[in-house]
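Colleague: Sequences and hints are given; from them, build the entire structure.
Same order as they appear, the protein sequences are chains A and B.
Be aware that the first sequence starts at 1, since it is given in this note's numbering, and climbs by one per residue.
Be aware that the second sequence starts at 1, since it is given in this note's numbering, and climbs by one per residue.
Treat the hints with care, since some could be wrong.
No distinction is drawn between identical chains; accordingly, a pair holds when it is met within one copy or between any pair of copies.
[Said to hold, decoys possible] DSS-like, lysine-lysine: derived pairs with alpha carbons at most 25 angstroms apart: (1) LYS130 <-> LYS231; (2) LYS86 <-> LYS47; (3) LYS201 <-> LYS231; (4) LYS246 <-> LYS258; (5) LYS242 <-> LYS258; (6) LYS130 <-> LYS218; (7) LYS267 <-> LYS90.
Quick caveat, the hints were computed from the structure, so don't treat them as lab data.
All values derive from a computational prediction rather than experimental measurement.
There are 2 protein chains.
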Amino acid sequence: MVKKVLIIYAHQSSGSFNAAAKNAAVEVLTAQGCTVEVSDLYAMNFKATATAEDIKGDVKNAENFCYLEESRIAWEEGRLSDDITKEQTKITEADLLIFQFPMYWFGLPAVMKGWIDRVLTHGFAFSQEKRYSQGVFKDKKAMLSFTTGSLESMFSPTGINGDMNVTLWPLQNGILNYCGFQVLAPQIFWAPALTADEDRKSMLEAWRTRLQGLLEEKPLSFFSLDCFDEKAFQLKPDVHEKHASKEFGLTVGIHLNKPLPPHSQMKAGC
Amino acid sequence: MVKKVLIIYAHQSSGSFNAAAKNAAVEVLTAQGCTVEVSDLYAMNFKATATAEDIKGDVKNAENFCYLEESRIAWEEGRLSDDITKEQTKITEADLLIFQFPMYWFGLPAVMKGWIDRVLTHGFAFSQEKRYSQGVFKDKKAMLSFTTGSLESMFSPTGINGDMNVTLWPLQNGILNYCGFQVLAPQIFWAPALTADEDRKSMLEAWRTRLQGLLEEKPLSFFSLDCFDEKAFQLKPDVHEKHASKEFGLTVGIHLNKPLPPHSQMKAGC
Numbered sequence: 001m002v003k004k005v006l007i008i009y010a011h012q013s014s015g016s017f018n019a020a021a022k023n024a025a026v027e028v029l030t031a032q033g034c035t036v037e038v039s040d041l042y043a044m045n046f047k048a049t050a051t052a053e054d055i056k057g058d059v060k061n062a063e064n065f066c067y068l069e070e071s072r073i074a075w076e077e078g079r080l081s082d083d084i085t086k087e088q089t090k091i092t093e094a095d096l097l098i099f100q101f102p103m104y105w106f107g108l109p110a111v112m113k114g115w116i117d118r119v120l121t122h123g124f125a126f127s128q129e130k131r132y133s134q135g136v137f138k139d140k141k142a143m144l145s146f147t148t149g150s151l152e153s154m155f156s157p158t159g160i161n162g163d164m165n166v167t168l169w170p171l172q173n174g175i176l177n178y179c180g181f182q183v184l185a186p187q188i189f190w191a192p193a194l195t196a197d198e199d200r201k202s203m204l205e206a207w208r209t210r211l212q213g214l215l216e217e218k219p220l221s222f223f224s225l226d227c228f229d230e231k232a233f234q235l236k237p238d239v240h241e242k243h244a245s246k247e248f249g250l251t252v253g254i255h256l257n258k259p260l261p262p263h264s265q266m267k268a269g270c
Numbered sequence: 001m002v003k004k005v006l007i008i009y010a011h012q013s014s015g016s017f018n019a020a021a022k023n024a025a026v027e028v029l030t031a032q033g034c035t036v037e038v039s040d041l042y043a044m045n046f047k048a049t050a051t052a053e054d055i056k057g058d059v060k061n062a063e064n065f066c067y068l069e070e071s072r073i074a075w076e077e078g079r080l081s082d083d084i085t086k087e088q089t090k091i092t093e094a095d096l097l098i099f100q101f102p103m104y105w106f107g108l109p110a111v112m113k114g115w116i117d118r119v120l121t122h123g124f125a126f127s128q129e130k131r132y133s134q135g136v137f138k139d140k141k142a143m144l145s146f147t148t149g150s151l152e153s154m155f156s157p158t159g160i161n162g163d164m165n166v167t168l169w170p171l172q173n174g175i176l177n178y179c180g181f182q183v184l185a186p187q188i189f190w191a192p193a194l195t196a197d198e199d200r201k202s203m204l205e206a207w208r209t210r211l212q213g214l215l216e217e218k219p220l221s222f223f224s225l226d227c228f229d230e231k232a233f234q235l236k237p238d239v240h241e242k243h244a245s246k247e248f249g250l251t252v253g254i255h256l257n258k259p260l261p262p263h264s265q266m267k268a269g270c
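Modeller: In structure tokens form, the structure reads like this:
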């Protein structure tokens, strides 16, 4: 069956390294028979800010407007703005999402955060019952592919920026895993702006090679929703006990006051 | 001397809990003799997306536009757009910045991330030499004050969302500490939407009480730039050795493959 890939892409310039990484993904995946769609957020002039204008018709509570609640209702009633609905349709049809961006301030560029805030509507992308391992998108894959400004050494457990696994946790757990996506290891292009032309070419070649087997990759490990109780969402005593003698925590966030499992947000099988 | 406070505020509704928290800060700090300014990002219709339009006149390299570099040059030459320059002037004049927002997807709402991306220009807010403990804003304080959708128990080292200290690291280290700000402990309002009216009132009362002594609070602990070498920005061997026998890592990010220091991103003195 033909696999569908959606690339959510955020760079201002078609001459950038991020553009080259995006183009490589389009080429290699298309050559493999995938259908690839690109949401080029800057080119689309994608609205980043979550406002009442995202809802067609009247809002339910104008005096105490709550975006989470109002957008959930609008989604149920088919009253979300067209730009949001279009992106939601792309997600529904996709088997794999690739977020391609330059890391800004240890996170997503605002335009991409706006895509997350506005498109992953309550009801459409998650609900109280449907999240994490029971998430809406549990049959889909997603991954981050990004450039950094800093060297790899700076993003280590002994480097000044701290462990990249920590910085990735809110993005990969809090957004992708939260919605149920199987999260593939991130593709990190370390400081291409500080790198010689030849090494930048090698980085892109390595990405092209990886892309050929991307859809068969094992995802990162997270823990199943049923490991947690249904009220306080704390780890169940039997699961906690099972891991009591282990050297490392379960994940970066659910670390049980033990050392973090090394590379758990960067490599599958860790 | 009169202290100046800048509140960067991101909520769509004046009836919200976030509005009440912002209003409490304005009232209590003004009553103490502070001058308080509010940047109300939604009301200002603040542009979130970093584009070439942020630069007056021609960009240097239109074919390979790099926002970081182009905005640095525009800042040096006084050619940043007026909305950015206005916010930069507010920061320059302020002694304390308070970011008031609802946490969206384990992070800042896009409009606030856009304020970070666009206003904290290279050159104005940091440079290769001026960052972390040598940062441009080392004589200023900054803090996050935010609401969550999830319960406190969910954001613990044994909760499904993982330790809140991990989620705060990229924001407090990667943005605030990176620019040199002394980072005050975050004010976290846990799940006000799931809370009874009376408890919401108590949350605001506790915030008002805290605000009275806020400017005298000790900041969170980070590690000085001179603990790291100047090339790879790795912890220097003597600092590493000094901490070798200690139970915990230095910080959440610079964890040395040891358990994270508890509460280090949430309480001063940890």
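Colleague: All hints are to be evaluated individually against the structure, with a verdict given for each.
Modeller: Hints and how they fare:
In this assembly of identical chains, LYS130 and LYS231 lie within 25 angstroms of each other by CA distance solely inside one copy; the values are 15 angstroms within and 46 angstroms between copies. Taking CA atoms no more than 25 angstroms apart as the test, LYS86 paired with LYS47 passes in both settings, with 13 angstroms inside one copy and 23 angstroms between copies. Proximity of LYS201 to LYS231 under the C-alpha cut-off of 25 angstroms is restricted to the inter-copy arrangement: shortest distance 24 angstroms between copies versus 51 angstroms within a copy. Taking the closest pair of Cα atoms, LYS246 and LYS258 come within 25 angstroms of each other both inside a single copy (9 angstroms) and across two copies (14 angstroms).
For the homomeric pair LYS242 and LYS258, the shortest alpha-carbon distances inside one copy (14 angstroms) and between copies (21 angstroms) are both at most 25 angstroms. In this homomeric assembly, LYS130 and LYS218 come within 25 angstroms of each other (Cα to Cα) only inside a single copy, at 22 angstroms, whereas the closest approach across copies is 41 angstroms. Taking the shortest alpha-carbon separations for LYS267 and LYS90, neither the intra-copy value of 27 angstroms nor the inter-copy value of 43 angstroms comes in at or below 25 angstroms.
When the structure is compared with the earlier hints, a violation turns up for hint 7 alone.
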